[in-house]
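**Q** Work out the full structure: start from the sequences and follow the hints.
The primary structure of each chain is shown beneath.
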Amino acid sequence: MRPDLQLVANLIQPHTRVLDLGCGEGELLDNLQREKSVIGYGLDKDEDNIRICLARGVNVIEQDLDRGLGNFEDNAFDMVIMTETIQSVKEPRGLLKEMLRVGRECVVTFPNFGHWRCRLQLAGQGKMPVSEHLPHRWFDTPNIHLCTFSDFESLCADLHMRVIQRRVVNQQHDERSFINLAPNLFGSYGFYHLGSTT
Amino acid sequence: MTAPDATSVGLVSPLLFQYKQPFALQNGTVLPSFDLVYETYGELNQAKSNAVLICHALSGHHHAAGYHQGDRKPGWWEHCIGPGKAMDTNKLFVVSVNNLGGCHGSTGPRSTNPDTGQPYGPEFPQVVVKDWVASQALLANHLNIDHFLAVVGGSLGGMQALQWSIDFPQRVHNAVLIATAAKLTAQNIAFNEIARQAITTDPDYRAGNYRIEDTNPDRGLMLARMIGHVTYLSDDGMANRFGRELKSGDIDNAGDVEFQVESYLHHQGRSFTQRFDANTYLLMTRALDFFDPARETSGDLVAAFEQAQARFLVMSFTTDWRFSPERSKEIVDALIAAGKDVASTVIDSEHGHDSFLLPIDRYTSALRAYLDHAYNVTVRHKGP
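Those protein sequences? They're chains A and B, same order as listed.
Taking the numbering used here, the leading residue of the first sequence gets 1, the next gets one more, and so forth.
Taking the numbering used here, the leading residue of the second sequence gets 1, the next gets one more, and so forth.
There could be a bad hint or two in this list.
[Stated by the list, open to error] Label pairs and their calculated CB-CB ranges:
no. : chain 1 : residue 1 : chain 2 : residue 2 : range
1   : A       : Ser-37    : B       : Gly-243   : 51 to 61 Å
2   : B       : Gly-243   : A       : Asp-64    : 25 to 35 Å
3   : B       : Thr-116   : A       : Ser-37    : 50 to 60 Å
4   : B       : Glu-326   : A       : His-160   : 29 to 39 Å
5   : B       : Arg-380   : A       : Gly-195   : 17 to 27 Å
6   : A       : Gly-68    : B       : Ala-186   : 45 to 55 Å
7   : A       : Gly-195   : B       : Thr-185   : 39 to 49 Å
8   : B       : Arg-362   : A       : Gln-125   : 39 to 49 Å
9   : A       : Leu-11    : B       : Asn-376   : 27 to 37 Å
10  : A       : Asp-64    : B       : Gln-268   : 28 to 38 Å
11  : B       : Gly-243   : A       : Arg-2     : 46 to 56 Å
12  : A       : Gln-125   : B       : Arg-244   : 14 to 24 Å
13  : B       : Pro-22    : A       : Leu-11    : 50 to 60 Å
14  : A       : Ile-144   : B       : His-267   : 48 to 58 Å
[Stated by the list, open to error] In the DSS-like style, the derived pairs of lysine-lysine whose C-alpha atoms are separated by at most 25 Å in a straight line are:
no. : chain 1 : residue 1 : chain 2 : residue 2
15  : A       : Lys-127   : A       : Lys-90
16  : A       : Lys-45    : A       : Lys-90
17  : B       : Lys-329   : A       : Lys-45
18  : B       : Lys-48    : B       : Lys-91
19  : A       : Lys-45    : A       : Lys-127
20  : A       : Lys-90    : B       : Lys-183
21  : A       : Lys-97    : B       : Lys-329
22  : B       : Lys-91    : B       : Lys-183
In short, the hints are calculated from the structure, not lab data.
Predicted model only: the values in this text are computed from it and were never measured.
Where is the CB? At the ideal position from N, CA and C, for every residue including glycine.
**A** Shown next as structure tokens:
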């Protein structure tokens with residue numbers, strides 16, 4: 001399993017209710033259904049992803065995240081997961097709020113726009129950053145709401161969300177100690193486990 | 001008959017199940033006995049774990065796949081059922097049944113009422129989806145099928161698959177609900193009532209006793225079918241198919257003008273009168289209107305699903321406005337709230353409600369992917 005998904009999977013308790021936003025090919029849910037007997041659902045809108053999910057027996061629901069989560073009750077899930085998707089939705093702020101309405105806790109992972117390579121390209125060459133962890137050029141990227149760790153944490157504070165755990169990894173999904181000296185500079189991906197402050 | 005290709009089940013013949021004991025219906029009436037006509041495709045395996053039940057829609061019947069002797073046209077779901085198809089008869093044993101109250105061989109308004117020696121006609125009791133499911137379960141017993149790998153249906157057929165999951169939770173591993181609803185909207189009931197009025201106000205309807213009086217409400221039945229047909233298509237679908245093409249006449253010169261779409265509807269309506277019974281049409285539309293499995297749980301669909309054990313696949317089509325994707329979403333949301341296994345997809349199609357009968361790639365490949373997995377889990381590697 002993708003290393004970032006493994007990090008998420010480690011957080012999930014057996015027999016809990018899980019919602020995966022932008023579940024892709026259903027790798028995480030497939031694993032959680034088999035290993036942890038969760039009651040899990042994944043939302044996705046890509047036709048190929050949906051077919052692959054069906055073929056592996058994942059509970060995939062065709063639903064566009066930009067149309068919100070209004071169809072789910074408050075606290076319907078123990079954990080709401082969104083891996084590397086928040087940067088491509090129309091209203092990240094609204095969706096984050098919704099995640100903590102329908103779930104008790106949530107996990108969000110995303111690429112860090114404050115990584116030193118990004119900063120170097122923008123400051124040094126005056127160009128929009130293109131790197132291994134952000135491979136798209138400005139005109140063909142699905143990533144319309146990129147942010148840095150620092151930006152994301154400000155938003156969490158705004159929304160009165162509590163960061164239960166933050167983990168920062170490099171391109172290889174290693175957690176080298178130097179990254180944590182200046183995570184917003186050295187970290188490629190952020191992994192945030194969030195809950196409500198109340 | 002067209003030479004059947006390798007992806008068709010080929011020549012098939014209907015079979016008859018005779019239930020010779022009293023059968024109590026939901027409305028209290030008791031049928032002294034009943035017949036169901038059905039077809040099967042593929043082989044039932046030794047463990048009897050590969051059976052799939054097909055439930056038909058309003059104007060459907062048991063002949064879902066293959067060819068009857070002398071016919072040029074295959075069954076109504078030919079593109080979904082056959083060797084290598086989404087419902088793969090190399091692996092699955094498919095059972096397709098004509099419902100009680102139908103007019104294709106099962107006991108219905110055309111059958112003889114043992115009390116009078118005359119056709120039941122309008123006296124045939126109103127059956128509902130729950131009755132169909134109960135009678136199908138008796139057929140399953142007769143075939144020694146303890147549980148179905150899947151119960152599959154579109155439209156009114158989807159309602160039966162849904163009811164199966166509630167009434168016989170242990171007997172359904174998977175329920176596939178296509179272009180259906182947990183209950184009809186007022187608009188949908190309204191269309192059914194217009195169709196019924198078209199039939200019952202036809203002077204040849206004779207209060208339903210048209211067969212005894214040797215007439216047939218052809219005009220009413222034709223009109224009912226034409227109305228129905230328009231609602232099964234979409235605006236864009238009709239525009240693309242017929243446009244404003246003329247069949248005959250000349251708009252610039254006054255006279256009889258017939259648009260292609262009119263000719264098409266006339267043909268659909270007329271051919272329907274040849275193959276369908278008016279009393280059955282009334283009965284089937286009523287069964288559609290009455291369907292509401294949540295009524296037993298005070299309108300709470302989540303509670304209605306509580307006892308279901310099946311996994312669900314719910315599919316709908318973007319331009320279907322008679323059984324819109326919203327109706328499917330209601331089912332999906334209730335299943336999620338009830339903590340049931342459910343997957344769902346909304347297929348892009350311009351063909352409206354009729355889409356569920358058409359060979360649409362994304363639709364059939366989603367169905368195939370889902371059923372292949374179900375088969376692999378339940379039949380091939382039967383779990384502990």
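**Q** Indicate, hint by hint, whether the structure satisfies it.
**A** Each hint, compared with the structure:
Our hint of 51 to 61 Å for Ser-37(A) and Gly-243(B) holds, since their Cβ atoms are close to 55 Å apart. Gly-243(B) and Asp-64(A) have their C-beta atoms about 32 Å apart, which keeps the hinted 25 to 35 Å range intact. At about 58 Å, the CB distance of Thr-116(B) to Ser-37(A) agrees with the hint of 50 to 60 Å. The hinted range of 29 to 39 Å is satisfied by Glu-326(B) and His-160(A), whose Cβ atoms lie roughly 34 Å apart.
Range check, Arg-380(B) to Gly-195(A): Cβ separation about 42 Å, and the 17 to 27 Å hint is violated. At about 27 Å, the beta-carbon gap between Gly-68(A) and Ala-186(B) misses the expected band of 45 to 55 Å. The hinted window of 39 to 49 Å between Gly-195(A) and Thr-185(B) holds, with their beta carbons roughly 40 Å apart. Range check, Arg-362(B) to Gln-125(A): Cβ separation about 43 Å, and the 39 to 49 Å hint holds.
Between Leu-11(A) and Asn-376(B) the beta carbons are some 30 Å apart, a value that agrees with the proposed interval 27 to 37 Å. At roughly 36 Å, the beta carbons of Asp-64(A) and Gln-268(B) sit within the given window of 28 to 38 Å. Our hint of 46 to 56 Å for Gly-243(B) and Arg-2(A) holds, since their Cβ atoms are close to 50 Å apart. The hint said 14 to 24 Å for the Cβ distance between Gln-125(A) and Arg-244(B), and at roughly 58 Å that hint is violated.
In this structure the supplied range 50 to 60 Å holds for Pro-22(B) paired with Leu-11(A), their Cβ-Cβ distance being about 58 Å. Range check, Ile-144(A) to His-267(B): Cβ separation about 51 Å, and the 48 to 58 Å hint holds. The suggested pairing of Lys-127(A) with Lys-90(A) holds, with an alpha-carbon distance near 24 Å, which does not exceed 25 Å. At most 25 Å may separate the alpha-carbon atoms for a hinted pair to count; Lys-45(A) and Lys-90(A) meet this at roughly 14 Å.
Only pairs whose Cα atoms come within 25 Å are accepted, and Lys-329(B) paired with Lys-45(A) is accepted, the gap being roughly 14 Å. In summary, the hint linking Lys-48(B) to Lys-91(B) is supported, as the alpha carbons are separated by about 12 Å, within the 25 Å threshold. A C-alpha spacing of about 32 Å is found between Lys-45(A) and Lys-127(A), which places the hinted pair above 25 Å, so the restraint is violated. About 34 Å separates the Cα atoms of Lys-90(A) and Lys-183(B), which puts this hinted pair outside 25 Å; it is violated.
The suggested pairing of Lys-97(A) with Lys-329(B) holds, with an alpha-carbon distance near 23 Å, which does not exceed 25 Å. Among the hinted pairs, Lys-91(B) with Lys-183(B) is inconsistent with the structure: their alpha-carbon atoms are about 33 Å apart, more than 25 Å.
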